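There are 2 protein chains.
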Amino acid sequence: MKKNDEYYMLLALKEAMKAQAIDEVPIGAIIVKNDKVISRGHNQREKRNDPTAHAEIIAIRKACKKLGVWRLDGCQLYVTIEPCSMCAGTLLWTRIDRIVFGAKDPKGGALGSSYHLFEQKNLNHHPVICGGVLENECGQLVSAFFQNKRLLQSK
Amino acid sequence: MKKNDEYYMLLALKEAMKAQAIDEVPIGAIIVKNDKVISRGHNQREKRNDPTAHAEIIAIRKACKKLGVWRLDGCQLYVTIEPCSMCAGTLLWTRIDRIVFGAKDPKGGALGSSYHLFEQKNLNHHPVICGGVLENECGQLVSAFFQNKRLLQSK
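So the sequence lines, in the order shown, correspond to chains R and U. Quick note on numbering: the first sequence equals residues 1 to 155 in the numbering used here. Quick note on numbering: the second sequence equals residues 1 to 155 in the numbering used here.
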């Protein structure tokens with residue numbers, strides 16, 4: 001399969017399924033540099049009791065550890081759901097080149113849906129943003145997770 | 001000494017000095033619950049090669065680990081410098097009660113200086129924010145750090 005955005009988003013979706021398997025909100029992320037996956041992460045907020053344990057942050061911290069720097073110039077992040085303000089703020093610090101996300105998050109999405117963090121003044125770094133890659137697949141995974149939760153709670 | 005905002009900010013300043021001692025930008029934070037300090041953190045971004053290793057995030061993760069939850073209801077954060085978007089975004093998730101900061105950060109401060117993250121729509125949690133506690137002391141520590149850096153670089 002050609003290594004395009006859909007290819008990498010499928011890998012992020014695979015990560016999201018790992019979150020689903022441990023009853024976490026199914027969101028996954030990977031970081032790519034020079035056409036190679038250098039880190040992967042899936043949401044583990046409940047398991048770790050850590051509000052920062054979003055898929056993106058886990059993947060970012062792993063990538064930085066691997067590269068031995070706290071900057072991610074030349075890297076791209078693929079994440080199944082639009083990043084929140086915490087994750088978008090972290091991505092700004094990393095100076096990552098490109099952010100690709102699957103489904104929008106109308107409630108908390110910080111890259112255009114709820115608001116746009118990168119439109120603030122004083123920014124000297126503007127990553128390329130690309131949304132909507134495998135949007136339905138990424139969105140449906142999360143919708144189904146919450147539908148199932150509500151169903152279980154109503155019983 | 002009475003346990004007021006200045007008292008706790010002095011403890012955060014003590015943390016900031018720990019960062020200074022290891023040549024990190026001198027910013028410190030503590031988290032208080034029921035008048036007890038439950039966690040402390042100082043900036044360790046360079047040392048850990050971790051873009052998320054801000055004083056606030058370190059203190060938040062420690063507090064959550066200690067409490068066994070990823071929410072910080074009933075807690076207050078004291079930090080020497082106004083939080084950035086990453087830290088402010090994390091604080092939103094924790095549902096912390098109150099955020100007290102020392103000096104403003106005109107360039108990247110996300111609680112009013114550069115922009116105000118908590119003024120976004122759709123928020124269902126609004127922590128109390130109090131800025132300017134020991135403002136000069138907190139700000140001068142960081143200013144002196146950068147002045148010293150520039151001086152060393154110019155030699």
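Hints were generated in silico from the structure; no laboratory data involved. Quantities reported herein were computed from a predicted structural model and do not represent experimental measurements. Treat the hints loosely; a few may be bogus.
Going by beta-carbon spacing under 7 angstroms, a handful of chain R positions derived as facing chain U [claimed, not checked]:
(1) N49
(2) N122
(3) H126
(4) Q140
With a Cα cut of at most 20 angstroms, we get these calculated SDA-like pairs of lysine to any residue [as the list claims (entries may be wrong)]:
(5) K121/R <-> K104/U
(6) K65/R <-> N49/U
(7) K14/R <-> F145/R
(8) K47/U <-> F145/R
(9) K66/R <-> D50/U
(10) K121/R <-> H116/U
(11) K33/U <-> R71/U
(12) K47/R <-> K33/U
(13) K65/R <-> K66/U
(14) K65/U <-> G132/R
The beta carbon of each residue, even a glycine, is placed where N, CA and C say it ideally should be.
Would the hint on N49/R stand, with a C-beta cut-off of 7 angstroms toward chain U? holds (5 angstroms)
Assess, step by step, whether the Cα of K65/U is no farther than 20 angstroms from the Cα of G132/R, and give holds or violated. violated (35 angstroms)
Take a quick look at whether K121/R and H116/U sit within 20 angstroms of each other, Cα to Cα. holds (11 angstroms)
How about N122/R: closest beta carbon in chain U under 7 angstroms, or not? holds (5 angstroms)
Is the straight-line distance between the alpha-carbon of K14/R and that of F145/R 20 angstroms or less? Given pair K14/R, F145/R holds - Cα atoms ~15 angstroms apart, limit 20 angstroms.
Is the Cα-Cα distance between K121/R and K104/U 20 angstroms or less? holds (16 angstroms)
Between K65/R and N49/U, does the CA-CA distance stay at or below 20 angstroms? With Cα atoms ~6 angstroms apart, K65/R and N49/U stay inside 20 angstroms; holds.
Hint check, H126/R versus chain U [nearest Cβ-Cβ separation less than 7 angstroms]: Result: violated, 14 angstroms to nearest chain U Cβ.
Would the hint linking K66/R and D50/U be met if the CA-CA limit is 20 angstroms? OK: K66/R and D50/U at ~11 angstroms, within 20 angstroms.
With chain U as the partner, please determine if Q140/R meets the hint condition of a C-beta pair closer than 7 angstroms. Given a least distance of 22 angstroms, the restraint on Q140/R is violated.
Restraint check for K65/R with K66/U, where alpha carbons must lie at most 20 angstroms apart: With Cα atoms ~25 angstroms apart, K65/R and K66/U exceed 20 angstroms; violated.
Under the criterion that the straight-line Cα-Cα distance not exceed 20 angstroms, is the pair K47/U, F145/R satisfied? Roughly 39 angstroms between the alpha carbons, so the hint for K47/U and F145/R is violated.
In this structure, the hints that do not hold are numbers 3, 4, 8, 12, 13, 14, in rising order.
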